[in-house]
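Q: Chains as they are written, first to last, in the working numbering: chain A, 12 to 221; chain B, 12 to 221; chain C, 22 to 251; chain D, 22 to 251.
Treat the hints as calculated values from the structure; they're not laboratory data.
Hints should not be assumed to be uniformly reliable.
Said to hold, decoys possible - Straight-line alpha carbon distances no greater than 27 Å define the calculated DSSO-like cross-link-like pairs of lysine-lysine that follow:
(1) A/Lys21 with D/Lys23
(2) B/Lys169 with B/Lys125
(3) A/Lys21 with A/Lys169
(4) B/Lys125 with B/Lys159
(5) D/Lys162 with C/Lys162
(6) D/Lys162 with C/Lys154
(7) B/Lys21 with B/Lys125
(8) A/Lys125 with C/Lys162
(9) C/Lys23 with A/Lys21
(10) C/Lys154 with D/Lys23
(11) B/Lys159 with B/Lys169
(12) A/Lys169 with A/Lys159
(13) A/Lys169 with C/Lys23
(14) A/Lys159 with A/Lys125
(15) B/Lys125 with D/Lys154
(16) B/Lys21 with C/Lys23
(17) B/Lys169 with D/Lys162
(18) B/Lys169 with D/Lys154
(19) A/Lys125 with A/Lys169
(20) D/Lys154 with C/Lys162
No experiment lies behind these values; they were computed from the predicted model shown.
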Amino acid sequence: MVARAARELKPGMVVNLGIGLPTRVVNHLPADFPVCLHTENGLTGIGPTLSAEQADRNLIDAGGAYVSTVPGSAFFDSATSFALVRSGRLDLTMLGAFEVGANGDLANWKIPGKFSPGVGGGIELAQKARRVVVLTTHTDRAGNPKLKDRCSLPLTAKGCVARIFTDMAVIDVGQGGFTLVETAHEVSPSEVADATGAPLNIPETTLPRF
Amino acid sequence: MVARAARELKPGMVVNLGIGLPTRVVNHLPADFPVCLHTENGLTGIGPTLSAEQADRNLIDAGGAYVSTVPGSAFFDSATSFALVRSGRLDLTMLGAFEVGANGDLANWKIPGKFSPGVGGGIELAQKARRVVVLTTHTDRAGNPKLKDRCSLPLTAKGCVARIFTDMAVIDVGQGGFTLVETAHEVSPSEVADATGAPLNIPETTLPRF
Amino acid sequence: MKLPDKSSSIEAAIAQIKDGATVMVGGFGVPGTPFTLIQALVRHGARDLTVIKNDANEPDMGIDHLLQSGQVSRLITTHLGLNANAIRLMNAGEITVEFNAQGILAERIRAGGAGLGGILSDIGIGTELAEGKQVVAFDGKNLLVEPALRADVALVHAARADTFGNLAYVATAQNFNPLMAMAADCVIAEAEQLLHLGALAANDIHTPGVFVDHVAALGALSKEYAVVRR
Amino acid sequence: MKLPDKSSSIEAAIAQIKDGATVMVGGFGVPGTPFTLIQALVRHGARDLTVIKNDANEPDMGIDHLLQSGQVSRLITTHLGLNANAIRLMNAGEITVEFNAQGILAERIRAGGAGLGGILSDIGIGTELAEGKQVVAFDGKNLLVEPALRADVALVHAARADTFGNLAYVATAQNFNPLMAMAADCVIAEAEQLLHLGALAANDIHTPGVFVDHVAALGALSKEYAVVRR
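Construct the entire structure; sequences and hints are all you get.
A: Written out as structure tokens, the structure is:
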């Protein structure tokens with residue numbers, strides 16, 4: 012699933028990878044792949060993650076991981092960092108999700124009464140990246156679908172999600188709601204539909220597997 | 012008059028000197044005087060003016076004069092330059108004037124139908140410097156007073172002028188209008204009053220001369 | 022002319038902070054957090070503070086000391102995820118927390134530093150973050166009014182400074198520091214190296230000293246500045 | 022991963038500019054004016070341009086060539102004092118001129134680059150510059166809405182650049198360049214030195230390359246860049 016998501020990065024893109032699963036996408040890119048990775052605490056050109064022994068105390072990503080630079084990296088302040096996001100220079104962001112609505116709504120920052128650490132930079136990434144894709148398990152720990160007709164949790168941004176990568180499938184989100192694009196090996200389209208909390212369009216052609 | 016105006020600079024101040032007469036104030040300051048000179052095109056810490064032979068093609072003041080730096084000078088962009096002005100970090104500005112009103116209004120950028128090159132940075136200097144003083148001839152070339160009850164020309168900023176230095180006098184501007192503070196040598200208070208286009212308060216004490 | 026000297030002791034600078042003050046604190050995670058100034062503020066003891074900071078650091082680090090000492094009544098921030106202590110105080114009603122989108126907090130602070138009244142933005146429209154905000158119709162769109170933020174005092178951390186208060190940051194320790202260093206009536210900077218005038222290249226200064234009121238040299242860095250081993 | 026290469030020829034970059042385009046041009050006086058890009062735009066010949074620039078340079082310099090060639094229909098600026106030719110065209114109605122307070126022009130461009138709708142400011146209230154502007158009552162004060170400015174193309178001048186488009190300016194050649202380099206859909210930079218990736222220190226970059234679309238190396242500088250002898 013992470014390897015499949017890595018193919019979403021096209022040459023020349025500026026990309027922000029959210030904390031957690033998305034961060035691991037970089038491990039699946041060729042060393043000379045032309046892409047610019049952004050982290051919202053003020054860096055373009057993220058290099059490999061470093062151990063505590065190798066780390067520079069002043070150089071982290073927005074998730075707190077110790078990272079490094081590449082030739083051509085630039086540091087800047089938090090205003091410039093989000094200027095980049097809001098003004099349309101971020102081609103792609105990959106985010107986690109609590110829920111995704113069939114209308115593209117994303118909820119990933121708050122569970123009222125349980126989890127409310129603040130929205131951080133997620134709202135601007137979700138609302139302003141030119142393309143927003145979600146990486147998530149298809150269901151929550153209790154087995155409930157994360158893909159729903161409408162989100163029930165407080166939204167991060169409305170109508171922002173273009174594609175979802177899960178452990179079961181790749182699903183596009185568009186005018187007609189959820190559409191199955193690919194399935195994981197050993198997973199059938201009907202299994203994906205059963206685990207999805209909203210209608211799932213299943214093309215009649217044979218779908219690729221990942 | 013310029014020498015007298017130079018005494019308006021107090022140790023530790025951040026000062027912007029307008030184009031023309033005000034720029035010459037620096038020639039009257041001791042070499043070790045602790046002050047920070049600002050120019051709105053993006054420099055704090057202006058050093059001496061340079062000849063064309065000595066000049067750095069990239070280093071000018073807002074009036075286009077080739078200047079230099081001092082130890083501790085900083086360069087910055089035009090947004091930062093006016094951030095400094097608007098946020099109250101500019102202690103003093105010295106500006107030229109077409110007209111000053113007895114209510115402190117300043118007009119120095121436009122003569123409708125004759126002269127309208129644009130307002131440049133003057134409006135923010137006049138409106139936002141903590142103290143605005145004017146350096147000007149007391150009358151225009153035709154002998155008409157520049158100090159008037161109310162300005163007739165388009166305003167640069169309302170009620171901004173605290174003090175006026177002219178070839179005839181130093182005049183404060185306050186709640187009660189114009190008040191004579193000092194006179195030039197060989198100029199009497201009544202001569203100043205005659206050349207002023209609004210009532211001039213003349214204290215009964217003997218005034219200093221400059 | 023020479024540029025004025027603003028070098029100061031940490032204690033003398035921090036002693037100016039009054040009860041009820043609004044205090045901006047730089048940093049995003051460990052990098053750029055002025056740990057030494059924060060510790061001095063804990064010793065100084067000013068109370069009923071409104072603190073503006075991207076995050077609340079981690080338990081027993083940075084502004085968590087101010088939270089634990091009960092000096093903070095209000096926190097304007099973006100994310101408390103790494104500090105369960107801050108979340109507990111928020112949930113118990115012992116501190117009031119205002120959450121901002123991260124880039125909007127940055128812009129509100131920058132607007133304060135730039136002498137603006139505020140900015141107009143569409144960030145958060147359609148979400149609960151927009152609730153209660155003033156809306157302006159402009160050019161056929163609805164935009165939210167995000168008021169400028171200024172503080173009485175800003176505490177910032179720089180890698181290098183000169184005695185006029187010119188500041189240079191390194192790596193991701195820049196973050197909110199240059200913004201806050203413009204946005205307070207009294208800006209106090211701690212610097213790992215405090216250098217003579219002219220030691221910083223005029224083209225490479227991140228915060229012009231004209232915005233800074235006091236600059237203090239750090240001695241040996243406390244363990245709070247070190248790499249965190251998780 | 023490696024950062025993409027955006028090096029370009031000046032002609033290829035400028036060829037993208039269409040009739041009717043809005044074009045931002047860096048510089049304040051001579052320093053920072055992208056004279057070579059401007060000359061290429063004159064040769065390219067795109068017409069009916071809206072130009073956004075602090076000033077109009079001087080006669081026979083910089084954007085005066087665009088004015089003389091009749092390519093400019095509208096100019097958004099702060100001051101034309103050094104270019105009598107521009108004032109003559111304005112007074113004759115051959116170009117439309119919109120004057121802004123200098124720092125407000127800077128902030129409007131910055132707001133465009135920051136993806137904001139605009140800013141709220143009290144600059145010019147009580148003067149004719151406030152006439153016709155939308156007013157917002159906020160926190161007991163009246164503030165003017167100053168709309169963000171973006172352009173189709175920005176032409177900027179840097180002292181040094183790398184092939185990703187990271188830019189560094191020197192001295193007062195910075196001025197409007199870093200702001201405009203964030204505020205256009207297509208940002209074209211000319212650089213006195215175009216260097217390999219890694220040649221610019223990551224802490225000393227003024228414009229992150231992520232904002233820049235094309236970067237072109239200058240050869241020998243034309244006489245327009247030289248010190249002006251008055």
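Q: Now tell me if each hint is right for this structure.
A: The hints, checked one at a time:
1. Distance hint between A/Lys21 and D/Lys23 is fulfilled; the C-alpha atoms sit about 13 Å from each other, no more than 27 Å.
2. Among the hinted pairs, B/Lys169 with B/Lys125 is consistent with the structure: their alpha-carbon atoms are about 22 Å apart, no more than 27 Å.
3. Proximity of A/Lys21 to A/Lys169 is assessed by CA-CA distance (about 25 Å); at most 27 Å being required, the pair is judged to hold.
4. The suggested pairing of B/Lys125 with B/Lys159 holds, with an alpha-carbon distance near 20 Å, which does not exceed 27 Å.
5. Straight-line distance between C-alpha atoms of D/Lys162 and C/Lys162 comes to about 23 Å, which keeps the hinted pair within the 27 Å bound.
6. Between D/Lys162 and C/Lys154 the alpha-carbon distance is near 16 Å, which keeps this suggested pair within the 27 Å criterion.
7. With a CA separation close to 38 Å, the supplied pair B/Lys21 and B/Lys125 exceeds the 27 Å bound.
8. For the proposed pair A/Lys125 and C/Lys162, the alpha carbon gap of about 35 Å is over 27 Å, so the pair is violated.
9. For the suggested pair C/Lys23 and A/Lys21, the alpha carbons sit about 53 Å apart, so the restraint of at most 27 Å is broken.
10. For the hint linking C/Lys154 to D/Lys23, the alpha-carbon distance of about 42 Å lies beyond 27 Å, and the restraint is violated.
11. Only pairs whose Cα atoms come within 27 Å are accepted, and B/Lys159 paired with B/Lys169 is accepted, the gap being roughly 14 Å.
12. Restraint check: the Cα-Cα separation between A/Lys169 and A/Lys159 comes to about 14 Å, which is no more than 27 Å; the hinted pair holds.
13. Our distance criterion of 27 Å between C-alpha atoms is broken by A/Lys169 and C/Lys23, whose separation comes to about 55 Å.
14. Taken as a hint, the A/Lys159 and A/Lys125 pair is honoured in the structure, with Cα atoms around 20 Å apart against an allowance of 27 Å.
15. Of the pairs offered as hints, the one joining B/Lys125 and D/Lys154 holds, with about 25 Å between alpha carbons and a cut-off of 27 Å not exceeded.
16. Restraint check for B/Lys21 and C/Lys23: the C-alpha separation of about 13 Å stays at or below 27 Å, so the hint holds.
17. For the hint pairing B/Lys169 with D/Lys162, the CA-to-CA distance comes to about 16 Å; that is within 27 Å, so the pair holds.
18. For the hint linking B/Lys169 to D/Lys154, the alpha-carbon distance of about 18 Å falls within 27 Å, and the restraint holds.
19. A C-alpha spacing of about 22 Å is found between A/Lys125 and A/Lys169, which places the hinted pair at or below 27 Å, so the restraint holds.
20. At most 27 Å may separate the alpha-carbon atoms for a hinted pair to count; D/Lys154 and C/Lys162 meet this at roughly 16 Å.
Violated hints, in rising order: 7, 8, 9, 10 and 13; the structure is consistent with all others.
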